[in-house]
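Visitor: What follows is the residue order along each chain.
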Amino acid sequence: MQANFEPVIIGYLCNWCAYAGGDLAGVSRLQYPPAMRAIRVMCTGMVPPELIVDAFRKGADGLIVMG
Amino acid sequence: MSVSGQAGDFQVELKQHPRYVDMEKCIACGLCMEKCPKKVDDDFNMAISKRKAIYIKYGQTVPLKYAIDGQNCIYVTKGKCRACEKYCPTGAINFADSEKIRKIQVGAMILTPGFKFFDPGANDFYGYGKMPDLVTSLEYERLLSAGGPNMGHLIRPSDGREPKKIAWIQCVGSRNTHRYDHGFCSSVCCMYAIKQAMVTAEHSPGENLDQRIFYINVRCHGKEFERYYESAKEKGIRFIKARPKVTPSKNNIGVTLTYFSDDGRRMIEDFDMAVLSIGLEAPKDGPNLAARLGFELNHYKFAKTGSFAPVTSTKNGIYIAGAFHSPKDIPQSVTEASCAADEAAKILAAAKGSLTKVKTYPPEKDIAAEEPKIGVFICSCGINIAGVINVKELTEFAQSLPQVALVENNLFTCSTDTQNIIAQKIREHQLNRIVIAACTPRTHESMFQDTLREAELNPYLMEMANIRNQNAWVHQNDPVRATSKAKDQIRMAVAKVALNRPLTRLEVPVFQKALVIGGGIAGMTAALDFAERGFETVLVEAKDQLGGNALSLDQTWQNEPIQPMIAGLVEKIETHPRIRVFKNARVKSCSGSVGNFVSEVETSGSVEKISYGAVVVATGAKEFQPDEYLFGEDPRVMTQLQFDKTVREDESVAQWAKNVVFIQCVGSREPERPYCSRVCCTHSVKAAIALKERKPAMNVFILNRDIRTYGQWEDLYRKAREMGIIFVRYTRERKPRVVKEGDNLFVEVHDAVLRHIFKLPADLLVLATAIVPNDNQTLVELFKCGINADGFINEAHPKLRPVDMTVDGLFVAGLCHYPKSIDEAIVQAKAAVSRASVVLFKETMLLDAVKSHVTEKCDGCALCLDVCPYKALTLETVSWNGRSAKRMKVDAALCKGCGLCQATCPKEGVLIHGFTLAQLKAQSDAFLQAALG
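Protein sequences, first through last, are from chains A and B. When we follow the working numbering, the leftmost residue of the first sequence carries the number 1, and every step to the right adds one. When we follow the working numbering, the leftmost residue of the second sequence carries the number 68, and every step to the right adds one.
Keep in mind that the hints were calculated from the coordinates and are not lab data. Because the structure is a prediction, the values reported are computed rather than measured. Each residue gets a CB set at the ideal place from its N, CA and C atoms; glycine is no exception. Treat the hints with care, as some may be off.
As the list claims (entries may be wrong) - Chain A side only, calculated, beta carbon under 7 Å to chain B, not exhaustive: (1) 22; (2) 23; (3) 31; (4) 32; (5) 47.
Bound conformation, chain A alone (with noise of 0.2 Å):
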């Protein structure tokens, strides 16, 4: 693996709990690396298996579901 990797990775995060988690991070000020693009949802649930599927074969390298 390459030293500079960019990691590709989406994040579904629920509203409720993973998201909120994210914005108290962010008023806490705790530093991470910014490789996750956040898709904000009501509930995790609502995360067809089809979409993440979908996400590997155009290439995403990680996936994370949050709730």
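Given the coordinates of chain A, work out where chain B should sit on it, guided by the hints.
Guide: Here is chain B on its own, set in the frame of chain A:
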């Protein structure tokens, strides 16, 4: 400061300390805190860490606004500095702020000053303050917390190493009559100690932790608490009935505990750390408050309240909620808060809605035929965003995105000025979709939606890109990648917003009537409160008489007679013009949803249809009938309620009975019923005291596994011991045995403390049997609500929504939720009315717009039907092109917009407004395409 007047018309004088920060202007960027040179102990972290003189108490503070601590601020105390004022980008610092006296006029008051933690430092019994690794439970809580001084990395104070062997010492300051200590049980410490041990285990998975909780009795009397206790034991947390002495270990690192083990050996052991489970006490300012407001306190300086009006102080119009009138946990405090709101609302009934103002908006523009024309507003948030992200580059980038017509960069997008500008730009450029790249939608979405609405746009034509909380603030040292992430965030928001459609919030009419199921003390209390608040109420009781279990009870723990109170309540209910009582009745059917229920009520053959907007379920519970200890075989063996009746009806019992034995936990805390029935310990202790008072020579034994006289009931337990009632502790593995020799009954019990078998003669044997719920299965089928493994009705959230049920419009009260005392049942019933009134108060109800909707692609395969947790979907037959076809139908009032249906449907037949598959995919694709080409 001072109070005059009476219930319905109080004049209150309040003193407001200066904050020195203008709440309207502060945007919580935190720059002031960064620049403030004054460090002080952080009280919230129990002084383990430091904070600045300008601060927010903790990350989740609502509203998120800074404040200056005037006692420590260099400028306020010494007249020099003003660094915060110099750096604040919005001019929010206001050193001219001063103490204000405000006069307000109110009809009722609710007091919630809370409690104070017991200070073990005031009493040198444990050596607290002399050993760095001996901490209070609150200090330990902060050490464990992700928001604490070590960000959740548990290290001990002395040498910063991770502790592996930790002891908790229970009842510090509680259940003790020594100087400084308190006689009551603090109710919550057993559970928080178990929780801390469990969380510690989660922090160090796979490691060989040695965690021990030293206790007097483990009191897990709340819903699901006993299961938690059992799971802690399974996880290897050890419980030792002992009261250790704490001394310093070598070099004062760690601590040494000296105690007696279960088998009577004296143990001297080193621990890495010890935690004092400190109790709760009445707030310091309580007596002052009581004197100024004119209500009474009890001998523990808690506010005095009665069992039948559990949140009403001794002064009319003043109500108490939370730990100010006895130690209690979160669910109980939240329930009391709703109950107090109900009591206050009754006083304020005449003024209801008189201060309500309705905001009006211009009519909405129809944009259906227009192509998306997107406006992007990028916020610098002072330097909060602009200090990390290159906003100039971001602005140029946004202009290159498809369908974007306008991009603007603002210093503070949330300021009133900028919002006016946004509304103006929307009109000027005919924008029909908006992206706000700023902070989080969780705090600011509704505000910007309002701006759209002012500009004649539907509020749902807006998306936010969270480039502050989830970007600039968390990538402060990586501006290049943060800028590139911000571009993606805007790209994704633009892709999504192009697909946004106007959404409307459905407005449904509400039947402003209530249904109460169950005519026990909880149900009757609820029905009467509904009626007193002006709502027509139907009360359905299964039996031919109102009253329920309370008809078998004599006195409360405070010696208030129960029967006259019940009789009074029944009379009020049966004569109230707004209450209809159906006896020998059952609810046969239910259709509709919150605000709009219709049911059939069946009474001896006849069926009547009723409509209502909300329900309080109070179906009660019953005393368990056991099949052990010769129950049912020997008439001298009886349950608590049978015994109460015997003593009530037969005066001679006290004459002939010489030895009375009580056995606790019969049917409770057993594998088939793994819960504590909460009230049986106090019930037996009270019954035993009554016997002993009538005949001091009588031998009274209470065989128990733990005596759980929580809160101020501990006074009864102490009194019982002082009177000579003998408490014998047994374990579930070695339960007592009842033997009959000739005509005489004996109980053989192995005393777990003395490790000796005693044979006790029993002229009467009283079994404290479990409280078991009535059959709630019919309710589950009718209302689609949930019950737990023990058959008790589930609440929507055990702490935050303790009286709401899992289905909207349904509320729970009394024993059907969990075993509880009369005062707790009354509190819950009034709380349920308070919560239900939120629904019933308005003639119409606005539903949320984010709901599922069925598309023309639905072919009625009904895969989504089973996954819907709210039973919001039904299968219907529609006529289509002259043929009949199956299709799903959504009840918008039941749907919560979780989208499980959307994820399950194989053909996009059901989608969620605002979060459709296409919208989710647009975001994912926008990012992937840019990143991977």
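Visitor: For which of the previously enumerated hints does the structure constitute a violation, in increasing order of number?
Guide: none
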